[in-house]
Amino acid sequence: MPQVTLVEAVNLALARAMADDGTVVVLGEDVGTDGGVFRATLGLRERFGPERVIDTPLAEQLITGMAIGMAVEGLRPVAEIQFSGFAYICIDQILNHAARMRHRTQGRMGCSMVLRTPCGAGIHPPEHHSESPEAMFAHIPGIRVVYPSSPRRAYGLLLASIQDPDPVVFLEPTRLYRLFKEDLADDGKPFALDTCFTLREGADITLVSWGAMVHETLQAASRLEQQGVFAEVIDVATLRPLDMDTILASVAKTGRCVVVTEAPRSGSFASEIAANLAEHGLLTLFAPVSRVTSYDVVVPLSRLENAYMPDTERILTAVRKCLAFA
Amino acid sequence: MPQVTLVEAVNLALARAMADDGTVVVLGEDVGTDGGVFRATLGLRERFGPERVIDTPLAEQLITGMAIGMAVEGLRPVAEIQFSGFAYICIDQILNHAARMRHRTQGRMGCSMVLRTPCGAGIHPPEHHSESPEAMFAHIPGIRVVYPSSPRRAYGLLLASIQDPDPVVFLEPTRLYRLFKEDLADDGKPFALDTCFTLREGADITLVSWGAMVHETLQAASRLEQQGVFAEVIDVATLRPLDMDTILASVAKTGRCVVVTEAPRSGSFASEIAANLAEHGLLTLFAPVSRVTSYDVVVPLSRLENAYMPDTERILTAVRKCLAFA
Amino acid sequence: MTIVGRFEIESRQYLDVQGRSVQEIPESARDPRLLVALYRQMVLARTFDQKMLALQRTGQLGTFASGLGKEAIDIGVASVMREDDCLLITYRETAAQLARGVSMLEMLLYWGGDERGSNYAAARKDFPVCITIASHCCHAVGAAYAMKLRGESRVAVCMSGDGASSKGEFYEALNGAGVWKLPVLFVVTNNQWAISVPRKLQSAATTLAQKAIAAGIPGIQVDGNDLIAVRQVALEAAERARAGQGPTLIEAVSYRLSDHTTADDASRYRDADELAAAWQREPIGRLRNYLLGIQVWSRSEEEALLKSCLDEVQRATDAYLAHPSPAPAQMFDHLFASPPTALAAQRGQALARGQVDAAGHAG
Amino acid sequence: MTIVGRFEIESRQYLDVQGRSVQEIPESARDPRLLVALYRQMVLARTFDQKMLALQRTGQLGTFASGLGKEAIDIGVASVMREDDCLLITYRETAAQLARGVSMLEMLLYWGGDERGSNYAAARKDFPVCITIASHCCHAVGAAYAMKLRGESRVAVCMSGDGASSKGEFYEALNGAGVWKLPVLFVVTNNQWAISVPRKLQSAATTLAQKAIAAGIPGIQVDGNDLIAVRQVALEAAERARAGQGPTLIEAVSYRLSDHTTADDASRYRDADELAAAWQREPIGRLRNYLLGIQVWSRSEEEALLKSCLDEVQRATDAYLAHPSPAPAQMFDHLFASPPTALAAQRGQALARGQVDAAGHAG
Ligand SMILES: Cc1ncc(C[n+]2csc(CCOP(=O)(O)OP(=O)(O)O)c2C)c(N)n1
Ligand SMILES: Cc1ncc(C[n+]2csc(CCOP(=O)(O)OP(=O)(O)O)c2C)c(N)n1
Ligand SMILES: [Mg+2]
Ligand SMILES: [Mg+2]
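Chains as they are written, first to last, in my numbering: chain B, 1 to 326; chain F, 1 to 326; chain X, 1 to 363; chain H, 1 to 363.
The following block holds chain B by itself, in its conformation from the complex (with noise of 0.2 Å):
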């Protein structure tokens, strides 16, 4: 089995989508030529030729809006947002059109679209293209999010999204883009999209992340191991619907949570989990829920990144807390 990247499993999922479907376009900037600014649509051109694969004017709205009426229409458009920080102009048209068309029409209509756009802090990049948009999407109704972490979890999430009736936010942590490879079969296969993976399981506190941050969780839980602390790891990769079930069911065996994300704290993801933790898993607590975020500030230019982000350390210094707590 070959070993790749995750930016190649996106490639493959999205080669193999339009291979196996002629209803699936690729749309853009720079997706088409070039391959993509990241490479995820490289060699599509080639393949599919420029009018599956479509190299757009500069106009976000336009992509966006398109998609929808592609997808109304009746194809399956896999739309391109070259950068996080240009993908909160799209909110707009996914919140009022995309995740709204089926029930608009009470079914009559309905919106197989993906906006997959690359996110979250760490490649020392300018201004707007670090952002972790993730808790804006994940409050829109009528649609799905969903943020892999790992090369065959963006291949098999990516395929189902793309084949999923509803439309779907596919967000990319561009810090792993290219920072390890995992063998993946290309075997065509999608994951559900309902359900959170468990990386690694543990009896004593439960960690909870997704994008880029799952990494850095895992590390820590590696850590944690050889100071004979066992954490469950799982990765949401579905914000929405969000699997409860998966999360409520490991923190009822360990009785300790830590989530952990790289949005700035307030109002990010982590709050809906903690609050539903809070909810409905308050008796099997023996910790308050801790959210290690980033700071509620703008994400800074690359010489504070690392200031910014939450690192391991960051995670163990909670998960101490959370252990010490009687």
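Any given hint could turn out to be false.
Derived pair list, reagent style BS3-like, types lysine-lysine, alpha-carbon separation capped at 25 Å [as the list claims (entries may be wrong)]:
{"hint": "1", "chain 1": "B", "residue 1": "K321", "chain 2": "B", "residue 2": "K253"}
{"hint": "2", "chain 1": "H", "residue 1": "K181", "chain 2": "X", "residue 2": "K200"}
{"hint": "3", "chain 1": "X", "residue 1": "K51", "chain 2": "X", "residue 2": "K307"}
{"hint": "4", "chain 1": "X", "residue 1": "K181", "chain 2": "X", "residue 2": "K125"}
{"hint": "5", "chain 1": "H", "residue 1": "K200", "chain 2": "X", "residue 2": "K181"}
{"hint": "6", "chain 1": "H", "residue 1": "K181", "chain 2": "H", "residue 2": "K125"}
Chain B is faced by these chain H residues, among others (derived, beta-carbon under 7 Å) [what the hints assert, rightly or not]:
{"hint": "7", "residue": "T63"}
{"hint": "8", "residue": "T132"}
{"hint": "9", "residue": "K167"}
{"hint": "10", "residue": "G168"}
{"hint": "11", "residue": "M331"}
{"hint": "12", "residue": "A350"}
Computed spacing ranges between beta-carbons, pair by pair [said to hold, decoys possible]:
{"hint": "13", "chain 1": "B", "residue 1": "F230", "chain 2": "H", "residue 2": "A329", "range": "30 to 40 Å"}
{"hint": "14", "chain 1": "H", "residue 1": "G59", "chain 2": "X", "residue 2": "M1", "range": "46 to 56 Å"}
{"hint": "15", "chain 1": "B", "residue 1": "Q226", "chain 2": "X", "residue 2": "T341", "range": "30 to 40 Å"}
{"hint": "16", "chain 1": "H", "residue 1": "I3", "chain 2": "F", "residue 2": "R47", "range": "40 to 50 Å"}
{"hint": "17", "chain 1": "F", "residue 1": "M1", "chain 2": "X", "residue 2": "E312", "range": "51 to 61 Å"}
{"hint": "18", "chain 1": "X", "residue 1": "P26", "chain 2": "H", "residue 2": "I3", "range": "16 to 26 Å"}
It should be emphasised that the hints constitute simulated quantities derived from the structure, not laboratory data.
Ideal Cβ placement from N, Cα and C applies to all residues, glycine included.
Got chain B sorted already, so can you dock chains F, X and H with the ligands onto it with the hints?
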């Protein structure tokens, strides 16, 4: 003292701010000759002239972006977005620019502006006129989010928002615009922008709300009082920065809390408050924090509006469950 | 001086305000039966429109945006569309929807606050009402892209207002449609007002048709009160689109004879004189005069038509008023193709509450 | 046929590719000292630009967007601005910023990833780099509105690219500036590429200057490799703006001689021949030839200039490399004019962590 409605209080605050400070300008669709579709800007054009009360083309990104440019150049713009459903398109400019200008320039440039928009359901309007976008705005570092629920608070908080050197998103509960009146002195006194309002004291349970739902929450408290249950009612009013201290102190006293919001449940601002309570108030809680919210669906058209929104009955059900928890 | 671009904007009219032809009537409007049929549609649309206003005033309908004065635009444009084309509208295109086969009952349900009204039995490919101004222009581009990709000879017709022409999405859509030469008609009803904002405050452009020049596509102005002109201009655009020659922007000049919506009072911001003058140019009387002039229509036919329109509208109204209320489950059941389990609990809660409501226990 | 609008787009050039005048040099470019001064700025800007690229390649600077080839546009436009005017830019206007008095150190800090670089000591009214394409066009409208409201004779100058001209905000801004006749210059650098997307895929419009027609404002094309033409066209626009006659759109036609940014490899998507041909038209050699031709510049002055530019750039580089790192407090201290108490705890946490980091205990 004259008795005024909430929308009249908004109008008085705007007039007062414009009279006191020549740099205050008002802009938006139909804010001039028409005085705003809800009449919030009535009479301002006659009094302060069309140069300061600006009817704009139909272009929300222009309205928001212009306000930013004006603010950087030393004006104090108050921009109106006609209905909440058209405010999502402004998130991009607010988040990427208004919220960041001061940090980006390390203090060289500020962005003293207010973005006003009527929010919330319950007035049987067409689609997109019933949104509760506060959680999205409250997730943005670098701005304030204010949401008054009475004429007096609307007046004092709007004055403070206009005077504030930083950007403020000012949400107005459409449903309360003309629902009731209050005495208002029109004394030009701003309210603090970081303090919750305790509207009613009580030792049995804390009810937390904001916007139009404060109305139902107060009604629930009255009903409870008839049954011998004394609820403390807190109007958050300034969602960002959030005054958790007042809420935590109240819950430390009552041990029980229900948070009420009109927004769809997942990722709502109720989750942020519940998460904070669970984190910092766990030991004082006798029962899980309960969130009374709208369902995670699209705001329906008018015929199902009442079935969608929380009402007094749903608040009371949650309170009873919370009180019964042991 | 080197000139690198030269552009002209044409304006088209066949009937003057009295309904007399000012130039040779085009082929597309020479069949009197067709013209009479379109005239009937215009009258039916206006009758229905007036009924909707009456229902709103008596609390039996929600906020409603009258299409009074734009019947020639709606009917003229719809008249060049084929059944399987795709129409994208705002809230003021009741007449066009009627012509497309959307039923009066459906429209009444929609404006009465029930999503079932957008589940059109006919016109399955037409988009539902789009309230967020100009956002649907981008949908039209996507729909047209799909048509072109599949090699169909269909067109997407996107209708909007003068206010909409100031929105970024309007422009992004025109520009995109130009790049890919897509089969789209962008029809802008310039009714001189966007709520209280007059046309001259929307743009310094002297015509809205010239917005096409920015996108490198053809733009044309047409007298929007002249059915024959609207139909002819739309037909030319549709033929070009079907032939792979790309999009067209049509500015149809007209006047909003009504208030903006039932929530508006236009007398607050515009002159009675202006309104009275606009009534002189309105489209139905103009076409009637023409039809009477060429003797394909008579006063007695007119009377019969009015009566039959009233009857038809009344039947739809009765059906609407007798229609069962929506059930709370409706909020949940078409949110997703298959409802996620995470929503099941909320659905149950809403249904239980609905029963309580029905039993009269709660507000 | 009734024509209701006629429009022309002019294109302006004074120097041909060899640097020979093709028409009478305008008053604005007849002072040789001024021309030489502007030439010096262009050379300094290019020297600085090359240094930034070198620093990036050696890991001493972040991603950087070279301005190679657009020096005439930046310097020509900046040359008509007054100190208290206001410049709004994207990421490729290093040369313009230099001319406005932004220091090299500031620009190095900014591109090195430190916000302090945008706290310009001079050019206090100029906006910082705007990365989100075209969003700053709306800021320019607001700034110009403020200027007009206060009765100032200042102008706002907004620079963007050919790609930006496809964005809705670009259009909303032009349209708004037209409605209020605001003192704005919209300068579009048409460098033929938006990353890998060629100009013809951005729009079917044959010129970008014609986008002005949609907004009802003047639009003009200029040879962006001809400093004299850029300066003259910008001067005319600025004078009109200061005289209350409203905005202008200037399309400056040029070519992106560099990769898009240091993260890009343009050879993946464009022809070596096209690039080589573009080098024949580049602006610095052209102006040099003109200056040499009219004998106000010499080979020896050229040599001395190159040396002094290298020295100046090196001094700035040294200062940059010696500059102390930003402290974590910087994230918090200018987020609000006065930091809310709610943030104090997080600030404390970050500062404590910073100390840990400094002590080398954590990554
Ligand atoms: C994006 C957006 N902004 C604001 C509104 C509120 N609004 C509804 S209709 C209208 C005016 C529209 O004018 P125009 O496009 O000329 O259409 P008309 O109503 O004249 O048919 C406005 C501002 C809206 N529906 N959508
Ligand atoms: C709104 C937005 N979308 C996408 C990007 C990513 N991006 C950066 S530069 C660029 C191309 C810009 O082209 P153009 O406007 O021609 O300017 P140039 O780079 O040629 O100077 C793109 C797509 C961005 N910065 N902002
Ligand atoms: Mg109009
Ligand atoms: Mg370019």
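Hints, verified against the model:
Restraint check for K321 (chain B) and K253 (chain B): the C-alpha separation of about 19 Å stays at or below 25 Å, so the hint holds. The hinted pair formed by K181 (chain H) and K200 (chain X) meets the criterion: a straight-line CA distance of about 12 Å does not exceed 25 Å. For the suggested pair K51 (chain X) and K307 (chain X), the alpha carbons sit about 14 Å apart, so the restraint of at most 25 Å is met. With a C-alpha separation of about 21 Å, the suggested pair K181 (chain X) and K125 (chain X) falls inside the 25 Å cut-off, and the hint holds.
Taking the CA atoms of K200 (chain H) and K181 (chain X), the gap is about 12 Å. The hint holds against a cut of 25 Å. Proximity of K181 (chain H) to K125 (chain H) is assessed by CA-CA distance (about 21 Å); at most 25 Å being required, the pair is judged to hold. Satisfaction of the interface hint for T63 (chain H) is found here, the shortest Cβ-Cβ separation to chain B being roughly 6 Å, below the 7 Å cut-off. Residue-level restraint check for T132 (chain H) holds (minimum Cβ-Cβ distance to chain B is 6 Å; threshold 7 Å).
Annotation: K167 (chain H) was flagged as interfacial toward chain B, and the flag holds, the nearest CB pair being 6 Å apart, inside 7 Å. Given the 7 Å rule on beta carbons, the hint for G168 (chain H) holds: about 6 Å separates it from the nearest Cβ of chain B. The beta carbon of M331 (chain H) comes within 5 Å of a beta carbon in chain B, closer than 7 Å, and the hint placing it at the interface holds. With 7 Å as the threshold, the beta carbon of A350 (chain H) comes within range of chain B, its nearest partner Cβ sitting at about 6 Å, so the hint holds.
Range check, F230 (chain B) to A329 (chain H): about 38 Å between beta-carbon atoms, so the 30 to 40 Å window is met. Our hint of 46 to 56 Å for G59 (chain H) and M1 (chain X) holds, since their Cβ atoms are close to 51 Å apart. For Q226 (chain B) and T341 (chain X), the hinted distance range of 30 to 40 Å is satisfied, since their beta carbons lie about 38 Å from each other. Here the CB-CB span from I3 (chain H) to R47 (chain F) is close to 44 Å, well matched to the stated 40 to 50 Å.
The beta-carbon spacing between M1 (chain F) and E312 (chain X), approximately 56 Å, falls within the hinted interval of 51 to 61 Å. Roughly 19 Å separates the CB atoms of P26 (chain X) and I3 (chain H), a value that falls within the hinted 16 to 26 Å.
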